[in-house]
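> Construct all of the structure, not just a fragment, from the sequences and the given hints.
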Amino acid sequence: MVAFGGCPPGTWVDLDPNAVHYRCIRLVGSYRYPTECFDQALDLLVNGAVDTTPLLGHELPLKNIAAAPREAARTDVPALLISA
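Note that the numbering used here numbers the sequence shown so that position 65 is 65, with each residue one more than the last.
Everything labelled a hint here was simulated from the structure, so no lab data went into it.
From a predicted model like this one, the values you see are computed outputs, not experimental measurements.
There could be a bad hint or two in this list.
[What the hints assert, rightly or not] Label pairs and their computed distance ranges (CB to CB): (1) P8 to F38: 19 to 25 Å; (2) R74 to G10: 17 to 23 Å; (3) H58 to Y33: 17 to 23 Å; (4) D16 to E59: 22 to 28 Å; (5) D76 to P17: 33 to 39 Å; (6) V50 to D14: 28 to 34 Å.
Each residue gets a CB set at the ideal place from its N, CA and C atoms; glycine is no exception.
In structure tokens:
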């Protein structure tokens, strides 16, 4: 789950279209959600109502954070979870 504060008008973001294409990265914009929606989504995740296993390719302990860039670059890893 991602909570993101937007950028001011006129902000530009550089991205690698090759990575978007070949790693099947989807960039989705959204605007506003009520606070209760965030709370409900968090509750669903915490209580195991949503199986996130298919979304994660690999879990990496925080103590091995130096390996994160290498792991994230793997084409067989759709997402990387850093755990405490």
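> Each of the hints needs a verdict: does it hold here or not?
Quick rundown of the hints versus the structure:
Roughly 22 Å separates the CB atoms of P8 and F38, a value that falls within the hinted 19 to 25 Å. Taking the beta carbon of each, R74 and G10 are about 35 Å apart, not inside 17 to 23 Å as hinted. Remark: the range hint 17 to 23 Å for H58 to Y33 is contradicted by a beta-carbon distance near 28 Å. Checked against the given bound of 22 to 28 Å, the beta carbons of D16 and E59, roughly 25 Å apart, stay inside it.
Between D76 and P17 the beta carbons are some 21 Å apart, a value that contradicts the proposed interval 33 to 39 Å. Taking the beta carbon of each, V50 and D14 are about 32 Å apart, inside 28 to 34 Å as hinted.
This entry does not satisfy hints 2, 3 and 5, going by the numbered hints stated previously.
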